[in-house]
Amino acid sequence: MSAVSIVNAAAAAPLQVVLPEWTAIAPVLILALTGLLLLTIDAIWPGRNGNTTFAFVSALGSLAALTVTVWYLVAGTGQVGGSITLFSEAIVVDGMALFFTAIFTSVAALVVVASHDYLAGHENAASYYSLLMFATLGMALMAVSNSLATVFVSLEMASLPSYALVGFLKKNRGSVESSLKYFLIGALSSAVFAFGISLVYAVTGSLLLSEVAAGFDDGVAGFAGVAGIGVLMIAGGFAYKTASVPFHFWAPEAYEGAPAPISAFLSSASKAAGFVVAFRVFSTSFMPLLDATPAIDWALAFAVLAVVTMVLGNFAAATQENVKRMLAYSSIGHAGYALIGLAALTAGGPHNGDVMGAAMAHLLIYGFMNTGAFLFIAMVEYWGVGRTFEDYAGLSTKAPFASLAMAVFMFSLAGLPVFGGFFSKYALFASAVSAGFWWLAAVGAITSALSLYYYSRVVKALWIEQPNGNLDAIDSKPTGLYAAVIFAAVATVLLLPGFPIALETAEAAASALFA
Amino acid sequence: MAFEYVPAIVLLPFLSFVIALFAGKYLPKGGALAGIAATAGSLLLSIWAFLTVRSQGAYQETIYTWASGFGEQPWELTFGVLIDPLSAMMLVIVTLIATLVHVFSLGYMNDEGETGLPRYYAGLGLFTASMLGFVVADNLLMAFMFFELVGLCSYLLIGFWFREDGPPSAAKKAFLVTRFGDYFFLIGVVAVFSTFGTAAFVGAESFPVLAEEAVAGDVTVNTFGFDPTTWFTIVGLLVLGGVVGKSAQFPLHTWLPDAMEGPTPVSALIHAATMVAAGVYLVARMYGFYAVSPTALAIIAFIGGFTALFAATMGVVKREIKQVLAYSTISQYGYMMLALGAGGYVAATFHLMTHAFFKALLFLGAGSVIIAMHHNENMWDMGGLKDKMPVTYWTFLAGSLALAGIFPFSGFWSKDEVLYEALIHGLGGSPLLLGAYAMGLLAVPVTAFYTFRMVYLTFHGEPRTDTARNPEPVRWNVKFPLSVLGVLAVVAGLVNMVPVQKVLGLEGIDYLHQWLDQSFDPLTAHHYAEVSPYSSGYIGGEATTVLVGAAVSLGLALAGLLLATYLYNVAEPTEHTAKLGAIKDVLYNNYYQDEFQVWIANRTQSVASVADTFDQGVIDGVVNGVSSVSLFSGSRVRRIQTGVVTNYAALLTLGLTALLLAFGLLGGWFL
Amino acid sequence: MSWIAIGALALIGVGIPIAMMVVSALLRPSVPEQGKSATYESGEIPTGTARSFKFNIQYYMVALLFVVFDIETVLVFPWAVIYNDAVSTVGLTRALGPMLLFIGILVIGLVWAWRNGAVEWIKSPRATRRKTQKQDA
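Chains as they are written, first to last, in our numbering: chain A, 1 to 515; chain B, 516 to 1186; chain C, 1187 to 1323.
Hint data in this document are derived by calculation from the structure and do not stem from the laboratory. A few of these clues could be false.
One-sided and incomplete, this derived list gives chain C residues near chain A with beta-carbon spacing under 8 angstroms [said to hold, decoys possible]: (1) Ile1291; (2) Ile1294; (3) Val1297; (4) Trp1298; (5) Arg1301; (6) Asn1302; (7) Ala1304.
Every residue gets a Cβ at the ideal spot worked out from N, C-alpha and C, and that includes glycine.
Start from the sequences and build out the full structure, keeping to the hints where you can.
The following block contains the structure:
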């Protein structure tokens, strides 16, 4: 029913008049070239510790990709006159792809800027930044994937550099161990995912999302079992990428063990990448299954996952002593919120676009506030004052601006009014209610209330409690980290007045998928 | 033009609050000068607004809409100003007295070397700002918010000397008792919103207008199944709860005498002239709403008349000068309530104005005496101050004559009009009002008696202590406010000489009547007269009734005065309370009102303890339970994360399998 | 019905190895010997615990590089097979260009790995020691 319109009217959008069609994936290409450029530079002058050079090139590359993406978004590439498909429809560029590419590239830029300080004195800066760029490339590819084959390959492209990045601190046991766990769970999930793809292929005879949808349009009589297991296994693959229960086990360890900028990157961008591809695959290909006989109610499955994820993530976060691990669990909880964007879909439902758009907007704001929060952790790790709530006591006396930014992130994550996170959660829950899924919204609201408890603990530690003498180590001001944290805070605050625009863009992009 | 500056009237004192709070300790006089400048500025702006109302008529503007509903509840919650004759007059009164009190405070607080002055002036500034905000409010919700703010300021200022025993507990009592009334008020506000969908005071869609139309059957509002009149009575009485608390009416009056623990200028400003007037002002503000409910009016009148008499009797035996004034205040507000309940909208407003002047004067005079007496308030320790402090004496005397209702002082005119309205409307077929009138009338001699007992004990006779023989002199900053108010106490009554007009047939000297008729259409005095359920009856003709009424009340006042003169205007007055016998104890103990309330409080303790048990056991239990269950399950959830990767893989696979099986079996995939 | 077939396949799949082990256990003579129960580790002598036993990292380096070329071959081989036909259908650029791009990307990776010492065989400590002793002597 909701196949992507195959041909885009090249003349409909003004942009295509000027540029050839393949330039639609320019953001992806820019990221790829940046990664290769980093390797080339390091290959020509190996061994030189060019942390600054590499950071500069990576930041430039991701910002260039971001600029092009935003330009396309504004110019209406892939939105006005239908989406643009390339490589025999294996790649599609539309509003949603650009929206999420904007998230990935901005998070990547923030992480790169922050990493410059974090990596000072480390060897192999080139591999770090190039892996980061390749991971971003994989995510951007996930956003434009239009075939199960590209979905799988791009997902792996995003995952493999992530494993290496998590284990980047080779001398740190936690980093290496969590990397290995991440890899093992990832391999298992990939296997499940690939198996699911093969089952779907078995039923529909195609990997292209539009053709899969066409195959399901005729019903799944006789193959319901194969199709159902296939669809749920694919859902499992996405659940792994988005760190949703029960595929979340890697997340707390990986986020905690990884270098903090990488935790920021994984919990924000990587999660969003999982969602964009899940949104696309399920809304494009699997919508017909919702009202097929027998029904393959994957939306209900996502609803179950959403509830379990929200509850488990928030409950586990409430009992953590380690701030980074608390954030890791909170990030799982937020995956549950975003899952509402899939769970509240109904066959031909009039609110589908609103629900998914609200989830997209939430992921955008989440991208900034969560990245900012992890980057604050990165700054604290950089200072080396400790990891628990007690260690954070009184940090505001030493770093007032960063602490203020952290308070903004925490309250925004909790969804308090006057911060961006409030509106995105509100829009999400409101759209879920209007789509008839009030109980999802209720669970979301209750767990948000719970989340306020542990988020405010951080603020309390920073601002109210007295320093306990471990803050004397703070003697430097990491400029890049500071800039990234402050920028993320500003973006979080600015997304408050800017939220209507973001939501409108997201809902237009999401509605295009259901058109 | 002037109306554009109306918000500044409110904001100037707020500014002085901020200045005193944050910069007060760096300023000379602890922020007093900023407060004086701000209130004086507000006074000038108020006068300007007053004159503009006179020339251009009333004015209403919505300044800020801070919440608006949608769908089926298109309510807007707004802040706005309503400047009509009533509020303009009130603005002038409040700003004038606030300015004078600020000046007086220089003498009472600064010269006495009090500490914590910035806190004091910050409190005064915030109070003035809140009170002015309440006065200009153009809707009930905004009025309620500022109503609560003045209550807060009252609490802060009563407890100014928080290190002593009395003030904090008096402050708490004032806060709790008024809060008790405010609960009803709050419910009333909600009821008004849910009934009419608006809380605006003025306009075609305002709730008094809608109420009137609903009673007439022209519009339908949500009355929750009641007859409109019944429901409006209920809502009106709910709002009246706040009024009774704030204006210290029976049975919620007990906080006001205790509130005298606060500094005397505070008593003058808050607990005599302005904040306690807020309740009366509120009823006057939404008088159109009460006018459609005869029952509510009758209750208001009865409460007022009873309070007037009841409080006056208690004032008779008090030893402390401020206590006498406190009971007198309660009693006088009873008169205003009586007037409102008796359909005398103008009379109530009139008495509100004159009382504000002469009672502020009396409190400031008492303050002056207290300075002189080194903060000894016991009248039995005074005496003979007449010659030592002439300015205080003469102004105090003017205020006392006004309070006692002696012709031609201001109090006479206003009190007479109050009683006159009650009388003619009572004669016009409302015998209940006659009862209220009788109580009001009985209170007249008692008032005159306790007033002059106070004057004689304080100023006349021989000094009874060394302090009274050598009182501390007061400076200009005390004498100046006294003089201003003294003049006003004498002449303020001339703005509304209705009896003279009626008897002599002179037209046009009832300025206040004309003034209050200049408002927006449904807020005018004659409209209220039309709506009110009363008709007038006379003894003989109108002029005769006026004469008879005035003669009776004046005669009674003189009788009370003479009795006081006979008993206390002697060189060595003695306590005559023994002659009252058993009544003495009753009066000393304020009819055991406090004891009664404590008794009630103790009786309700079992209820309260049940509620407490419920609260601690069930509510807190649930809350604590939720949090401990959360934390417990959180720690359980933590344990799933064992750290062993094979466990993760197993759980992951199990989870996926469970999901597959559940959906497969329920979805019937394998059939 | 088709599910029964799958179930049967699973049963047979599990059954055959079990049957083979059972049969061999029944038939063979039992000669316990330590070498038999030792883990086979690609010719390395398994000593100590699995944790303390370390491969030289360069095994992995070489293995990774091998995978790079392996994948390359997998793609290049079919490409080479149809190359002539492809040139005649879509032209030289579109037939050759993508493969050059692909190989180019791999080359960048290879050169980077090479320059960063992935193919440098680390000297064994003993060999280094011997060398220095020789020089000293």
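Evaluated hints:
Here the hint on C/Ile1291 is kept, as its CB sits about 7 angstroms from the closest CB of chain A, short of 8 angstroms. A distance limit of 8 angstroms between C-beta atoms decides the matter here; for C/Ile1294 the minimum to chain A is near 5 angstroms, and the interface restraint holds. Checking C/Val1297 against chain A: minimum C-beta separation of about 5 angstroms stays under 8 angstroms; hint holds. Because the beta carbon of C/Trp1298 sits about 4 angstroms from the nearest beta carbon in chain A, less than 8 angstroms, this interface hint is met.
Given the 8 angstroms rule on beta carbons, the hint for C/Arg1301 holds: about 4 angstroms separates it from the nearest Cβ of chain A. Residue-level restraint check for C/Asn1302 holds (minimum Cβ-Cβ distance to chain A is 5 angstroms; threshold 8 angstroms). Hint status for C/Ala1304: violated, given a least beta-carbon distance of 11 angstroms to chain A, over 8 angstroms.
In this structure, the one hint that does not hold is number 7.
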